[in-house]
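Please build the complete structure, drawing on both the sequences and the hints.
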Amino acid sequence: MKLDVNGNVHDVDAPPDMPLLWVLRDLLGLTGTKFGCGMAQCGACTVHLDGNPVRACVTPVSTVGARKVATIESLSPDASHPVQRAWIEADVVQCGYCQSGQIMTATALLRRVPEPTDADIDAAMSGNICRCGTYGRVREAIHLAARLQKGGGK
Amino acid sequence: MTTLSRRGFLTAAGTGAAALVIGFHIPEGAARTVAPAPKAMMSPNAFLRIGSDESITVVIAHSEMGQGIWTGLAMLVAEELACDWTRIRCEHAPADAATYAAPGSPLQMTGGSSTTRGEYQRYREVGATAKDMLIRAAAARWKVAPADCVAENGAVVGKRGQRATFGQLAAEAMKLPPPASVKLKDPKDWKILGTPVRRLDSPEKVTGRATFGMDVQFPGLRTALVARPPAFGAMLVKFDAAAALKVPGVEKVVPAGNGVAVVAAHFWAAKLGRDALVVEWSQPEGGGLDTARFSAQLRKLVEAHGTDVGKEGSVDAGKVAATLTSVYEVPYLAHAPMEPLNCAVKINADGTCDIYTGTQAPSLDQQVAGGILGIAPDKVRVHTQFLGGGFGRRANPKQDFVAEAVLVAKAAGVPVKTVWTREDDIRGGFYRPAYAHRIVAKTDRAGAPIGWEHVVAGQSIMKGTPFEAFVVRNGVDPTSVEGLAESPYLRGAARHVSLHTPVTPVTVLWWRSVGNTHTAFAMECMIDELAHAAKADPLAYRLKLLDGAPRHAAVLKLAADKGGWGTPPPAGRARGLAVHESFGSIVAQCAEVSVEGDRIRVHHVACAVDCGPAVNPLGIEAQVHSSVVYGLTAALHGKLDLAGGAVQQGNFHDYPVLRMFEMPSVSVHVVPSTARMGGIGEPATAPIAPAVANAVYALTKQRLRALPLRLATVREARG
Ligand code: FES
Ligand code: FES
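Here the protein sequences line up with chains A and B, keeping their order.
Sequential numbering of the first sequence, starting at 18, is according to this note's numbering.
Sequential numbering of the second sequence, starting at 1009, is according to this note's numbering.
What the hints contain is simulated information worked out from the structure, not anything from laboratory work.
Idealized CB from N, CA, C, for every residue including glycine.
Hints should not be assumed to be uniformly reliable.
[Stated by the list, open to error] Chain A is nowhere near these chain B residues, computed Cβ spacing over 12 Å in every case:
#1 1076
#2 1206
#3 1211
#4 1276
#5 1303
#6 1304
#7 1305
#8 1366
#9 1477
#10 1483
#11 1509
#12 1510
#13 1548
[As the list claims (entries may be wrong)] Between beta-carbon pairs, the in silico distance windows are:
#14 167/A to 1161/B: 43 to 53 Å
#15 136/A to 1721/B: 28 to 38 Å
#16 1721/B to 69/A: 36 to 46 Å
This is how it looks when you write it as structure tokens:
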């Protein structure tokens, strides 16, 4: 089947029920998207389908169809995307394992709600677990990213 | 991880077991990881390389698991080297204890909140050594005295305006002998240390480029999922691989220890193969552990004295005005690091082995793999990847996840990466043990404790491990009782602390902040109970007892002050306090809570820290946030139930962890301190549960003595 990932169309030979997560990681070598729970509980595997955040671990690859898949690797290779810049500025990451998912969820939120309130952040981000407890700085970074975006940062 | 093991080894190994290795030696493994190597490379020792391209590579002897050690240790080097901070990059050291074990330890291992304080001297010396050589190289080039040259911002500058960059000097410096000794900067001249510095590993972690063990891929590597016993004490009887082998992508099914591995082309095939596998397990002996029964057993045990831990003084019966007895309990907990366990193993024909994983203990990996393969530990190369969280789980005296992967690769005859699912991780053992504490406090007329009988019951994390010989003394595992007998609250009291150490088939391990997770809960809640019994303000009551402990008193006052203690909380809220010393640091917290239905909500935590000199305040703040969240998960949610030896929980829906909507605001206040440096990766974990429990009491008058904290239903509360 054909799969549009980060603007590149791949020919993928995978069983139809194989979750998109493992197609990305094990067949396409895009390891930025993480496995944390396998049951839509933690958000580590968050990618965008046509701009909407989905849990790749419970998305059978056959259901993707012509929709465009965007992974963390698509934001920017040099951390220049405003959300990535905000993440660095707020010194968010610790172990980093959850952060691809946090950033992809936050990016989708900021696209939908350019200036999210704390309640918006609670609602959008509570599906993303961070065992290192970076929630405080994630919140800070989202507010910062909103300002960066508004200021015309990329 | 525990500091005690370290102390034990210190005694065993003698001090100076691993002094600074001076020489122009790049360990084989370190050299291999550099690609492409800049031409003239200066390597004053195994911890630092300076390239002719101005690159500065700091080789980190410890594992980066989120605690920010890549940044912290690089700061120590940079301060003395006077290099350009933006040129610094880090890499994990190869496994080589002779070179990279922490000073005073025979093992290369990360834990016990020990890295920064343990490496404080050595990594500064690394930077100072290189600077000395660079200055001498410049002086020789300019034919001037070294004293007439200074290093600043990545270059050596001479008195007459001569200037040469470190990269330009590297080749010449490399030819000079290292200095016999170096003089470190006076802290008052520090430019980097003590200032907030952002993490060096952010760029790769926000782009998805960072490689965790889970991300390791190389040609020929297979993925394996292992079917493990469904209950503690169950043994593999037999298995039928036929159905598993029919799954497309499944290549082999092999027994490995007390499990069966399904080896496949990728995770998904291995997962479906394991689902299809038919395995027969034996029933655990005696029906297996039941947590409800075990908890009753622990509560029974603490009714009688156990093995003496410490006994001091005797109570003057005539002075006893009241006696208060309380029992506290905590359950088994899984670490649940965000990255499930995994380990890639490649066994080579030349009698060597390569291990790729996120590990806290490369030395132990070498030992267990060497033992299984019948090769010397130094034939095992460990390629430490970023750890998606450790919290102690990735440093285990048995390194179960590494040993298992080696067994699987050996049986399969191909390079294999074992991957654990979340369920495997939650049910896979090596838990924070369940504990019960019973305290009988006798107070004088003022309400102060004059007698303190404290009985603890719970499994030992050291018993049955290679650490036992170094740590367990007279039948007492000190990590089971840390912080009790030496509590600063009890200086005026007769004390008797004793310990029961039941043995069960459930595997146990240190868990962020180790014994303090339960000792601080029992201690700080009991002190709070005594304060309320004495009708005293909990802060004033504590401060009176802490009269001879000025550091404790200072952080407690600061946390209370920053948390608004003494001012009325917003309607429907109350505050609670706790202070606890662990890993050489003292942390106090003031938590503000409310109750919504049967849910406890924590709104704000003010946290004061005395950890001695602060290397990176920004990193300290992050570790305190992190510890508070980790501890809050245990306070509000964490609990494993076992029935028939089988863990009932399996994933984040039934083993919930703190999420964004529950996150309190956390303010961190670091006390300027010249005390001996303490750790910071763990000490803020322990005080949060008692601070919250004490706040809940202040709000509801319900004294919750078991974790996770559960409010009584309305009916129970009335009854
Ligand atoms: S791995 Fe997909 S939500 Fe956790
Ligand atoms: S940064 Fe470690 S899990 Fe979020």
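Ascending list of hint numbers which this structure does not respect: 1, 2, 3, 4, 8 and 14
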